[in-house]
Amino acid sequence: MSVKTLPVPATRFTREERDAGVAFLVMLALIVVGPFVAYPFFVMQMLCIALFACAFNLLIGYVGLLSFGHAMFLGMASYVGAHAAKVWGLEPELAILCGVASAAALGLVTGALAIRSQGIYFAMITVAFSQMIYFFCVEAPFTHGEDGIQSVPQGFAFGLIDLSKPSLLYVFVAAIFLVGFFVVYRTINSPFGEILKAIRENEPRAISLGYRVARYKLAAFVLSASLAGLAGATKAIVVQNASLTDVSFSTSGEVVLMTLLGGMGTLYGPVVGAIVVVSMENYLAQFGQWVTVIQGAIFVACVLLFRRGIVGEIGKAIGWSI
Amino acid sequence: MFLGHAISMSQLYGQLLIGLINGSFYALLSLGLAVIFGMLNIVNFAHGAFYMVGAFAAYFLLHLAGVNYWGALVLAPLIVGAIGAIMERTLLKRIAGLDHLYGLLLTFGLALVIQGLFQNYFGASGLPYPIPPELQGARNLGFMFLPNYRGWVIVFSAVVCFATWFLIEKTRLGAYLRAATENPTLVRAFGINVPLMITLTYGFGVALAALAGVLAAPINQVRPGMGADIIAVVFAVVVIGGMGSILGSILTGFALGVIEGLTKVFYPEASNTVVFVIMAIVLLIRPSGLFGRVA
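Which chain is which? The protein sequence lines are A and B, in order. Under the numbering used here, the first residue of the first sequence carries the number 1, and numbering increases by one thereafter. Under the numbering used here, the first residue of the second sequence carries the number 1, and numbering increases by one thereafter.
Read the hints as simulated data drawn from the structure, not as lab findings. No residue lacks a Cβ here, since even glycine has one placed at the ideal position from N, Cα and C. Accuracy of the hints is not assured; some may be wrong.
Covered by chain B, per the in silico footprint, the following chain A stretches (three or more residues, Cβ under 8 Å) [said to hold, decoys possible]:
{"#": "1", "segment": "125-135"}
{"#": "2", "segment": "210-219"}
From chain A, some residues computed to sit far from chain B (all C-beta separations above 10 Å) [said to hold, decoys possible]:
{"#": "3", "residue": "ALA20"}
{"#": "4", "residue": "ALA23"}
{"#": "5", "residue": "PHE68"}
{"#": "6", "residue": "GLU93"}
{"#": "7", "residue": "LEU108"}
{"#": "8", "residue": "GLU139"}
{"#": "9", "residue": "GLY148"}
{"#": "10", "residue": "PRO166"}
{"#": "11", "residue": "ASN189"}
{"#": "12", "residue": "GLY193"}
{"#": "13", "residue": "LYS197"}
{"#": "14", "residue": "ASN241"}
{"#": "15", "residue": "GLY253"}
{"#": "16", "residue": "LEU260"}
{"#": "17", "residue": "TRP320"}
Excised from the complex, chain A in its bound form (with noise of 0.2 Å):
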């Protein structure tokens, strides 16, 4: 009896969904905007660098796992797909494809090597291992080393669309950021992500429960890695052209400072950090290694004073979930 006298919600929505909708078209109008009230090349940038900091915080913010060498999957995507669109001559989202499954590739093999390690030790692996990449991209032919790869063409996105036009460039890298988007926001909120989410809370304890936790962190890395590399391989055909600060450490630590000033473990946290991130590294240029020092600044304060970050201090003020 009790069953049927449950009251009704008032509305479809729970509040979880409704704050997590609010967001989504907050986003979503920034995106539609942004190219009318920015550079729309700028917030193209922005939109790629974006991805990478949500595929980062993927690791960090849900497995809780800090890889400090994440710029080697963009930076490896952006030379394998800079490489596939200019010499193979492949069409843009093939070219894209092809580094999406080099960093997954790379990903599989450093992840397999970090993750058995622990906390700090697997941050100072994937620092190494991002090292050992810089340099082999300093080494390899292919990278053309200093030079990077030069005027990569943007060609046409499945034979029709040009992406030597602005607007078409833009609708299609706006498209691939909410794919990408997409899929990390499926991932968190799945069983799978649920069991991510409890790895990170208590690792034993999933153990204990039978999970085979190296596996879904292996699962996890490479996901993160692919992300970083879809993020990577587009902005090559973006900017076009690939090059060493890419895959770089100061890369590296950037997309952490993003995550970690936007909010670790929040949605949409690493989305505000980058576009904080990347607009003060911009409008900064002018003063030079002061951006630096004012990165450091930021990065002391955010672990001393909010590491809930941007939107997790929000979230909270407000009350909201997002």
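Position chain B against the provided structure of chain A, taking the given hints into account.
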């Protein structure tokens, strides 16, 4: 491919020497990291930055205060170690109870601030630091010429490393340190000032990095980027050696420097990556490192 052109013995010895020098720096730096990690459970990402600051301290002491190399060898580690101790008291102390990852993030932020400040004022180029007059010249060992300064760096680093090992593993103070690592609450109950010990340990680890910086100043130039370049290799050294072991970090540091030097002779293209490849192999065989205890 690599034996096609004859490798002269002098070239081999030369690279071995460079390898031993780099190994000295790896050993001093990874030793400092291990000491700090043992006591504070923090991976000190700012270690490379303090190494760089140590070299700059020697440079400033020479040009602003007229303190020569020997003075700098004592003063620079003391000054930089004191700065480290202050940072521990004011910043690192606040995150003591949190996840270890926050220590890594905080010290990474500090490294960015320090490095950015120096890059602002000194750019990317190197500043020369003279070899002290007492150590100029070279001596003939029969099979090669050994520059005196380089010989000094290797011997002195080895002495400092083993003195540190002796201090921690064989003395009463070291016993307190090791006990406080295992159970700080109990050691405090015995009336030992553990917070002070933690601060001094951090200062000591940082001072070791600064000492390596002073030793490096006459060999590699004094550059703001010198710390960032070396930190990833030092991390790999620590992973290979295993975090728990003082002796392990010393031996691994020297050994990897030599292997890197030999790689420069036989297969130069891989000389930058060989340490990381070795790390991958060690992780496959012994995930806790060559000398590490199983976590």
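Hints, verified against the model:
With 8 residues having a beta carbon nearer than 8 Å to a beta carbon of chain B, the segment 125-135 of chain A meets the requirement of three or more and the stated coverage holds. Counting residues of the segment 210-219 of chain A whose C-beta lies closer than 8 Å to any C-beta of chain B gives 0; at least three are required, and the coverage claim is violated. For A:ALA20, the condition that its CB be more than 10 Å from all CB atoms of chain B holds, with the nearest at approximately 27 Å. No Cβ of chain B approaches the Cβ of A:ALA23 within 10 Å, the least distance being about 25 Å, so the stated non-interface status holds.
The beta carbon of A:PHE68 is not kept farther than 10 Å from every beta carbon of chain B, the shortest such distance being approximately 8 Å. No beta-carbon of chain B is positioned within 10 Å of the beta-carbon of A:GLU93; the least distance is around 32 Å. The claim that A:LEU108 lies off the interface holds: its Cβ sits roughly 13 Å from the closest Cβ of chain B, which is beyond the 10 Å cut-off. Not every CB of chain B lies more than 10 Å from the CB of A:GLU139, the least distance being 6 Å, so the non-interface label is violated.
With a least CB separation of 18 Å from chain B, A:GLY148 remains clear of the 10 Å interface cut-off, as annotated. Every CB of chain B is more than 10 Å from the CB of A:PRO166 (nearest about 34 Å), matching its label as outside the interface. With a least beta-carbon separation of about 24 Å from chain B, A:ASN189 lies farther than 10 Å from that chain, consistent with its non-interface assignment. At roughly 20 Å from the closest C-beta of chain B, the C-beta of A:GLY193 stays outside 10 Å, upholding its exclusion from the interface.
Here A:LYS197 stays apart from chain B, with its beta-carbon at least about 15 Å from theirs, past the 10 Å limit. Residue-level check passed: A:ASN241 sits 22 Å from the nearest beta carbon of chain B, beyond 10 Å. Against chain B, the non-interface label of A:GLY253 is violated: not every CB pair exceeds 10 Å, the least being about 7 Å. A:LEU260, annotated as away from the interface, has a beta carbon of chain B within 10 Å; the closest lies near 6 Å.
Listed as a non-interface residue, A:TRP320 keeps its Cβ farther than 10 Å from every Cβ of chain B; the least gap is roughly 25 Å.
Figure legend: structure checked against the earlier numbered hints; hints not met, in rising order: 2, 5, 8, 15, 16.
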